[in-house]
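Q: One letter stands for each residue in the lines below.
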Amino acid sequence: MMTLTLESLRHDKRAAIIATALMGLALAAFPFMVGSTLGNSWLRIIDFAMLYIMLALGLNIVVGFAGLLDMGYIAFYAVGAYLYALLASPHFGLHLPIWLIIPAGAALAGLFGALLGAPTLRLRGDYLAIVTLGFGEIVRIFMNNLNSPVNITNGPQGISGIDPIQMGGITLAKPLSVLGFTVPSLHAYYYLFLALALFIVFVTIRLENSRIGRAWVAIREDEVAAKACGINTRNIKLLAFTMGASFGGVAGGLFAGFQGFVSPESFNLMESVMVLCMVVLGGMGNIPGVILGGVLLTILPEIFRHGAGPVQTAIFGKILLDPEALRMLLFGLALIVVMLYRPAGIWPSTTRRREFRGESSDVLKEGE
Amino acid sequence: MDIFIQQIINGLVLGSIYALVALGYTMVYGIMGLINFAHGEVVMIGAMVALTVIKLLAGSGLPVYIVILVALIAASAVCMAVGYAIERIAYRPLRRAPKLAPLITAIGVSIVLQNLAMLVWGRNYHAFPPILPVSEHEILGATITSVQVAIVLIAALLMAALIALIDHTRLGRAMRATSENPPIAQLMGVNINQIISLTFVIGSALAAVAGLMVSANYSIAHYYMGFMLGLKAFTAAVLGGIGNIAGAVLGGILLGLIESLGAGYIGDFTGGFLGSNYQDIFAFFVLIGVLVFRPSGLIGEKVSERA
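Quick note, the sequences are listed as chains V and H, same order.
If you use this note's numbering, the first sequence corresponds to residues 1 to 368, in order.
If you use this note's numbering, the second sequence corresponds to residues 1 to 307, in order.
Hints in this document: simulated from the structure, not taken from any laboratory.
Heads up, a few of these hints could be off.
Said to hold, decoys possible - Sample of chain V residues facing chain H (criterion: CB under 8 Å; computed from the structure):
id: 1; residue: V34
id: 2; residue: L38
id: 3; residue: L123
id: 4; residue: E137
id: 5; residue: I336
If you're wondering where the values come from, they're calculated on a predicted model, not measured in any experiment.
Backbone N, C-alpha and C fix where the C-beta goes; we use that ideal spot for every residue, glycine too.
Here chain V stands alone, though its shape is the one from the complex:
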């Protein structure tokens, strides 16, 4: 018929519909393919990849669009997760419905985002990075210690026995049967997460091309000029923090329901760095790039985790090097190498690529 390139899709409506349908079919069949070939542990990883895509897209608003380097992003994920854990677990004996908790998580995380954004509005670059990192650590330290004298978070042990996600009396924890067709639990979670991830993708795409999205990019490129153009930089920056944070809150709530257990350990700095790296390595500000980053950085370390031990046993007859340390070592090296050779990420947006090549006008550079 014709070759399906992205360019042709843009012009040919029929091809676009066919491509979308194929894509939808592939996404729908995907968990069954993975489940039957690689097993359930990989299906879990795919489910996590969806959560990470949501997180990465949320952080992309702050870092990619608005250019505000946030290194404590995981705190918002933590807020969403802990809110779900507190409102739907035996810990306080509350079992509120998900329809209430997830929006509440988004709102609370958004509030935390504004709380972080407000005092740091004047900061840029490295300073902002360090302050946000400190904020993330503060949230984690509080989660770790708020078990006495009043036990709120149950401290380092975390909260377990969290209700699985339920919708209208249907729980995702058990296999569902739809029209005589059985959908295992992990598959059901996959479809839910996929739907929400797609929704977030849709929202971010619409945001990117909106007045707000353009204002974010303007601030990223030159805050003073943006202000001179009549953009209310304070509100727009706060909005970036709030929206990014609320996405994190949603992902966090889903995480708590999916995992059934939360503890401060899941929200350490390394996780923030991981999400940041998804955004940066994938290609800041470019939605497909960020999604690619999210998928790659969830899957590759897992491949390594599963592979490093057996490969070493095969070659040396025993495990010489701690696979976990080896995995992180390679991750660190990959960060350095990608930044040295592709500083704009694997799949950058065109504007960003130009910036990183140093093609932006020198007049602007002088003005800094």
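Could you slot chain H onto chain V? The hints should help.
A: This is chain H only, laid out in the frame that chain V set:
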């Protein structure tokens, strides 16, 4: 009252260590306008190397001071090499890139160093061999150990030496010139690449000493110890005014005092609601407070626009 004095002493000891590490941050920032995120890990490497050497030599019958000296030299040498390598590999190629790029490579370097250390030294805590002669002295009802006295004295000596180096030597003048304006310094015949390398090397040597001090003070070393220490030292540098040598010293000591007094009294102030397990939080609140209300630090010049 003696608790107060005791916390002051602890704060001074802690503060001297922070100050030494903060100098590394502030020197690099002063010259390149870059936060060397991996500096905390250099401290950790210093501590681990020093500990390994001390363990090796502990049974050899050499006098304690020789053992410590050898450990210090070995740790400094390794750290200087690491510092040099970090700059060459992760920062120099990105000197003209937007600031985000060196920040990410710095995180990468941190992760690499941490996990290298985990591979070499394992996940476990390493106890500091009890070879140091520990004598306790009473001051105003509080105790200070000989190790603590040594930490404060050595730190003070090193800081004085560094300030003298920067203020009164040819190298120091070249460093100040580079920090003022790199292109002009280059026109005046300063080899700025060399100066930047030397800055990293000197900072790393100080980090090595600080590493040995931390592990001697807490009698423990761990592959993860560098991260929090680095953050706090960075806070100290910001508190004093980043890029300012005297500021780093002041900020370090102040942060040490704030932390130990805060940890000592937080329980009383909050009616027992928050305990000393919140010690790590003070540094972050100080950091946020300083950056919001006085980004130039206590005695720094105005740098907020550069950030």
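Q: All hints, please: hold or fail.
A: Evaluated hints:
no. : hint : verdict
1   : V34  : violated, 29 Å
2   : L38  : violated, 27 Å
3   : L123 : holds, 6 Å
4   : E137 : holds, 6 Å
5   : I336 : holds, 4 Å
In summary, the structure is inconsistent with hints 1 and 2 from the numbered list given earlier, while agreeing with the others.
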